[in-house]
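Chains as they are written, first to last, in this note's numbering: chain Z, 1 to 131; chain W, 1 to 478; chain F, 1 to 614; chain Y, 1 to 102.
I should point out that these hints are in silico values taken from the structure, not numbers from a laboratory. Since we're looking at a predicted model, the values are computed, not measured. Glycine included, every Cβ here is placed at the ideal spot set by N, Cα and C. Careful, some of the hints might be misleading.
[Stated by the list, open to error] In silico BS3-like pairs for lysine-lysine, Cα to Cα no more than 25 Å straight-line:
no., chain 1, residue 1, chain 2, residue 2
1, W, Lys440, Y, Lys89
2, Z, Lys63, Y, Lys89
3, W, Lys157, Y, Lys89
4, Y, Lys101, W, Lys409
5, Y, Lys101, W, Lys157
6, F, Lys547, F, Lys161
[Said to hold, decoys possible] Below, a sample of chain Y positions facing chain Z; criterion: calculated Cβ distance under 10 Å:
no., residue
7, Ala18
8, Val22
9, Gly23
10, Ile65
11, Ile68
12, Val72
13, Ala75
14, Gly80
15, Ile83
Listed below, chain by chain, are the residues.
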Amino acid sequence: MPTSVAEEYFPVVLQVLVAMAIAGGMIAASALLGHRVRNPVKDQPYECGIQPEGSPRERFSVKFYLVAMIFILLDIETVFLYPWAVVYRELRLFAFFEMLVFVVLILSGFFYIWKKGALAWSMEEKPREKQ
Amino acid sequence: MPANFVPPSGVEYIRVLPEIILAAVATLIMVLEPLTPAPRKRALGYLALAGFAGALAGAAAAGWRTGPAFSGMLEVDGFATFFRLLVILAGLLVTLVSFPYLRREEAESGEYYALLLYSVAGQTIMVSAADLIVLFIGLEISSIASYVLAGYMRREKLANEAAAKYFLLGSFATAFLLYGIALIYGATGTTRLNGIAQVLSDPRMAPAGILTGTAVALMLVGFAFKISAAPFQVWAPDVYQGAPSPVAAFLAAGPKAAAFAVLLRVFMTAFAPLTGRWLAIMWSLSLLTMIVGNFAALLQTNIKRLLAYSSIAHAGYVLVAVTAHSEEGVQAAMFYLTVYVFMNIGAFAVVAYFSRKGERYVEIEDLAGLGVRQPVLAALFAVILLSLIGVPPTAGFLGKFYIFQAAVKADLLWLTVLGLLNSAVAAYYYLRLIVIMYMKEPGDSLLELPGMAVSTRAALWTSAAAVVVLGLFPALIR
Amino acid sequence: MEQQLWIIPALPLAGFLVNGLLGRRLPKAAVTAVAITSVALSFLWVLKTVTGLMPLDAAYVERYFDWIRVGSLRIGCDLMMDRLTAVMVLVVTGVGLLIHIYAAGYMAHDTGYARFFAYLNLFMFFMLTLVLAANYLLMFVGWEGVGLCSYLLIGFWFLRKSATNAGNKAFIVNRVGDFGFSLAIFLLVINFNTLDFGEVFAKLSGWPVENTVGTLTLVGLLLLLGATGKSAQVPLYVWLPDAMEGPTPVSALIHAATMVTAGVYMVARTAPLYLKAPMALEMVALIGLVTAFFAATIGLVQNDIKKVFAYSTVSQLGYMFLGVGTGAFAAGIFHLVTHAFFKALLFLGAGSVIHALSGEQDLRIMGGLRKKTPWTFWTLACASVSIAGVPFTAGFFSKDEILVAAYHHAPWMYWVGTLAAGMTAFYVFRAFFLAFFGEYRGEGHPHESPAVMTLPLAALALLSLAGGFIPVPGWLEPLFGAPSAHHNPVLVAVSVSFGLAGIFLAWLFYVARPELPGALATRFSGIYRTVLNKYYVDEIYNAAIVKPVVEGSRSLLWKGIDVELIDASVNGIAARARGVGDMLRRMQSGYIRNYAAWVLLGAVVLMLAIGGTR
Amino acid sequence: MHPITTTHYLILSAALLAIGAVGVLIRRNIIIMLMSIELILNAVNINLIAFSRHYQDVIGQVFAIFVITVAVAEAAVGLGILIALFRNKATVQADEVEILKW
């Protein structure tokens, strides 16, 4: 086992350095090697060939935030699944039902979101106007 | 840990029955909510009522089999059952008051009832927690639900602002509480309340004084915020004024009573050995709370804000009982909290009914002439106000009497004297309401006052009756 | 207990209750019947009791119940009858009965009829309690009661401002006197630990005669202060002339015959104490003499017939005090009895005159009533003769007894007394001649009073004349010792001559040469005006006592202490509270970040406080 | 080199706590305030894990997981409220939110 603090943290430091080197290298290479011709059209943000209209800085619609938040909420539940999975063997049947209840509760939350229309993206699809 | 893990036995589930029922019904409502068409949302309300009733039965049932549950995480004893019943009852009364209110504001929806149920579930967990983790989780469940409830009327600026303030400050204070819990865990190595007590009491393992002291202080910050004690009460007036009246009633009753229960449990069991250090602080906190609550209320013109300051003042009185840190103190606090819950819900029920759509009429002057136009309503409100002052026949008086009796027994003479002076000051702003109701000419605000809905009437009558009955027969719940 | 003394006062009380409570609903006749029968029955019961107890050498006491029992002090509700009380009770009920009958006619067409008789009966009850009381406290109850009734009856026509003012004045001045009386009672309790007459006088034997101002003299003086208040003597006489605002029967009963004599009775009752305190007794005599002379001079120039008789009462009371003061208690009481007869008659006569002239009281507008009201004329003549002291009339006997006793006590007192007697004769006959002789100067058409009024007048006239032969001094001998035997004819002759001279002068001034008084008045206009205005005594009292007290209490007590001190401090505290409230309210600035700051500040403070301490 | 002991972690978490608290006071934008509160919660987590390692038991870590979950829930609700506020008043500046006062 590494004795002093330095040895302990050497691998961590090494990893960070390697990551920075690769990223920095690519940017530097494209900047140095690439032939740059500047004109207004080129300076526009590249949007897969479609003509970009409006500035990139206009606001996101709420939908994006909503989806992001739902993702995070449901994702956290997985955190609880890991420890459960590790000790599943010893806990026998009890744990299974316990987790079943847990998952059902989560799904009911999901059902609520789904039925509320939070996931429906396009306008016409909205089943019912949110109050 | 898994080696000696034993799955919870049947009886433990019964001990946790109220939480199960509340959570189940709430989730059911959440699931049903999108499926029910707008006009039939009231059915969800009735479902919520049934949920509360079931939970009451559950709490009573749990009350018969006291003992730990879930490997010591929860401790269901007399104290816990008492507060469980109180908190669920508060939730029930608030639901009753909310029916007509939501219909009038055209904001009927299942989420409101579900949130109420979740918040009460959180509080019941909090109250019976024997472990700091469970306590924290219960506290968070109830707080987060109440943040949303506070901002329920999304279209109104006031509600938004109230919710934003409540959320920010709430989470800020809870963060401190959490930090305190972490430190205590660090100092004692365990999060079990009685475990902490053991470690703190035997000198051999006594951890560093500074660490425990800071931990206690930080936890006190969290609790003080929740019960709106002095330096941390700044949020209460704004939130009570901004939030819809039934929610304000709920905030003043449910979470506050639960927070006091937790404060009592933690400071009486876990921090008992450190009493010498936190007693002086508790003393000054209670005094400061009473002063701020009573004096600031003198100049209020908005009824809800006035009731907010009054609830701060009452928190001060209960803190006096806590400072007495004796058996009578706890008894007195429990009795006072019960009466306090009824008084507050009654008062806010009147405001909810009286303020009409969009809560236009919440100024004190709007009450003018109520005694003439609506004698029954005015009489009920007067009874509640008298009890808030602590006039003898009502339970309010007995509550204060027990508290100050306990305080005197714990020879907190100065606190008692100042406390009584404060309640004298309090008499002014309560009586002002009665004066305006009975002595002033009715203004235009009383013209189109619609009939009172059955449910609000029921809630109002129960609280007024409780105030009087408890005043006469305190033994019912001692 | 067999004599049941309590029935005597109980009957008028019953009369009062019936009239007072049911009066308005009962017809007038019923009210009169109840009032008069109650007093009549009481009078008969007195006769039965007195005859029953005939030898009555020792005081006969009936004890009913313990009113106050504190430690060793026992004050019972007990009544007593002895010779002195017998005399007083007979006078009170007898004269009272006659006046009740007279009042039935006089007040016939007055709206407050029932109320009037209720008050009269109540007065009789209190007066009888006062007289029959066996201890000072019960006497004090009667004392206050009669004061109350005099207030009620003076202000009977309460719509008239002057009547209510007079009532107030009477009551307040009496209270000043009662103040002295109660102090005396306290001293008695402290020194003798009892208020019962018998016990007090028994314990007195152990006390030496005081030549310096000891406790006994102090008690005597305080009692005298009470007596001057009640019997309208010099310092506290101002209320009696104003008391004439009340109906005439009231003046007759209360302000002539009974209440005002209470003072004399009280001094006579405490004779043993006064004998032990000669200085106090001397003071009584002095007060009496000064009052007699002083009131007589004022009486000379009064124009209101009732005012003349009022001052005459004050003056005659002065004589009684003189009599009692010079040790001749029996003479004093004797004069009290005779005075009750002729003074009541004078007032009732005046009442009849006023009744005849339908309310006119000014002598200058009367005249020539001899032919129009013969009955009144003759009865009033008897009274005037009696009061002037014409030989063999009641007044003659009692007044000379006093003057002789005064002579033996101090010769100069006799001369002043006799001079005052002359003046008395003058002003009585002045009123008599002005009212009944010469031509009628008023516009009205006077008519004789009805029988119900003239009959009592006749009875009283008889008593005024024959009263002198009632052996009162002899009857009172066991109590006050034998009357002074030496009847010096010379003294009697001198006083009679003064009386007759007074009558002659009055005749000269007002019948023979009516212009004389006018001329005399202009020549001595200065003296005339001061005497007419009652030596400006009322004005002096007003300035000296009333104004400072009223002003003082208004500016100092009310404005000064109450407003500035108390109100200011209370409002101040309230304002401070609101100030604190406002400051705390500002704490809610509305900014989230301020709130967060408060939370953080609180947290830091707590950490330091709890964390810091070791 | 002395090994990294629990106190180092405590100091780190205390620093984070301070930064978080000050962040709430100074920053105007409510979202940033929200973030600083999350910062404090993370400071708590550090503490918990440090103590858990110190006592060699799992309570601290379990607690940490719960704290994280609660933090997420809080954040979700907080942002929800914030959006509602934004819709009404088109501002997220803390100082403009001050209708309710005194």
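Original post:
Which hints, by number, does the structure contradict?
Top reply: Hints 1, 4, 7, 8 and 9 contradicted; others consistent.
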